[in-house]
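I would like the entire structure built from these sequences, with the hints used as guidance.
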Amino acid sequence: MGEELRLSIAADVDVVEARQQGRALAAVAGFSSGEQTVIAAAISEIARNILMYAKKGEITLSLVQNGDRQGVSIIATDQGPGIPDIDRAMQYGYSTSHGVGAGLPGAKRLMDEFDVDSVVGRGTTITMKKWRRAI
Amino acid sequence: MEVPILRQGQYLIASIQSALTDADLSHLREALIAQVGRSRCRGVIVDVTALDVMDSFAVRTLRDIAHMARLRGAETVIVGIQPDVAFAMVQLGLTLKGVATVLDLEEGLAFLNRRTEERFLETKPKRPSERG
Numbered sequence: 010m011g012e013e014l015r016l017s018i019a020a021d022v023d024v025v026e027a028r029q030q031g032r033a034l035a036a037v038a039g040f041s042s043g044e045q046t047v048i049a050a051a052i053s054e055i056a057r058n059i060l061m062y063a064k065k066g067e068i069t070l071s072l073v074q075n076g077d078r079q080g081v082s083i084i085a086t087d088q089g090p091g092i093p094d095i096d097r098a099m100q101y102g103y104s105t106s107h108g109v110g111a112g113l114p115g116a117k118r119l120m121d122e123f124d125v126d127s128v129v130g131r132g133t134t135i136t137m138k139k140w141r142r143a144i
Numbered sequence: 019m020e021v022p023i024l025r026q027g028q029y030l031i032a033s034i035q036s037a038l039t040d041a042d043l044s045h046l047r048e049a050l051i052a053q054v055g056r057s058r059c060r061g062v063i064v065d066v067t068a069l070d071v072m073d074s075f076a077v078r079t080l081r082d083i084a085h086m087a088r089l090r091g092a093e094t095v096i097v098g099i100q101p102d103v104a105f106a107m108v109q110l111g112l113t114l115k116g117v118a119t120v121l122d123l124e125e126g127l128a129f130l131n132r133r134t135e136e137r138f139l140e141t142k143p144k145r146p147s148e149r150g
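Chains as they are written, first to last, in my numbering: chain G, 10 to 144; chain U, 19 to 150.
I should point out that these hints are in silico values taken from the structure, not numbers from a laboratory.
Keep in mind that the hints are not guaranteed to be accurate.
As the list claims (entries may be wrong) - Restraint-style ranges between C-beta atoms, simulated for each label pair:
| no. | chain 1 | residue 1 | chain 2 | residue 2 | range |
| --- | --- | --- | --- | --- | --- |
| 1 | G | Leu14 | U | His45 | 42 to 48 Å |
| 2 | G | Gly130 | U | Ser57 | 46 to 52 Å |
| 3 | G | Gln74 | U | Asp122 | 52 to 58 Å |
Stated by the list, open to error - To spell it out: a stretch of chain U is covered by chain G in this simulated footprint if at least three of its residues, at any positions, have a beta carbon under 8 Å from a beta carbon of chain G; those stretches are:
| no. | segment |
| --- | --- |
| 4 | 30-40 |
| 5 | 69-79 |
| 6 | 107-121 |
From a predicted model like this one, the values you see are computed outputs, not experimental measurements.
For every residue, glycine included, the Cβ atom is placed at its ideal position computed from N, Cα and C.
Here it is as structure tokens:
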């Protein structure tokens with residue numbers, strides 16, 4: 010525990026790197042390969058959002074533990090324009106960038122915990138976690 | 019990472035070898051659509067077996083490839099979606115509606131053979147004896 014992996018997101022190769030690192034960490038946490046792919050997909054969506062809206066930012070990956078449950082935490086931060094209407098941004102199919110509108114709501118569906126903290130003109134922080142299912 | 023596009027008879031086969039960036043995917047779309055015209059092909063197979071993740075951008079790009087190729091006279095089929103990738107796509111709520119998907123390359127070729135044959139029969143003028 011305690012070790013963090015901080016990844017800079019400033020180009021589309023960084024999106025691929027982030028999701029691959031996230032998959033590797035999920036494997037360390039003992040997630041099934043299906044869940045590893047789910048976590049990688051969620052990282053891909055929020056990393057792309059950083060590029061599209063803020064141009065650059067950072068993703069921090071870490072292992073987390075709650076009692077005897079193990080999981081992964083993904084924190085995406087940027088100093089971009091912020092999200093003026095979080096409720097709308099969380100609606101499936103809503104996009105201000107000609108995208109699919111699956112980014113934030115899609116990532117939320119994929120994860121167990123999902124929190125958006127955004128201030129217009131200051132930036133956005135998205136914190137998401139996924140917990141391993143008890144066997 | 020450029021995706022090699024091979025020509026086999028009347029078909030183009032794009033075989034993705036590794037994880038792709040958004041720019042790689044967009045480039046693949048442009049290259050395929052251009053080559054459909056240049057080689058006058060009737061079918062396109064995109065093999066995604068090696069793709070690590072299909073997120074919203076990848077799905078949209080594959081859908082665009084299929085629709086654009088159809089406008090240029092070629093049918094597209096996506097082959098090789100892995101079980102884990104399918105699992106994540108469904109959870110993300112992503113669909114490839116209107117795009118043919120089959121298990122693997124062999125099925126993809128069989129699918130295109132059937133489809134292009136149907137298309138040919140539909141457009142072939144009927145002989146007088148066949149008319150009602």
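* Asked: Hint by hint, which ones does this structure get wrong, listed from lowest number up?
  -> 1 and 3
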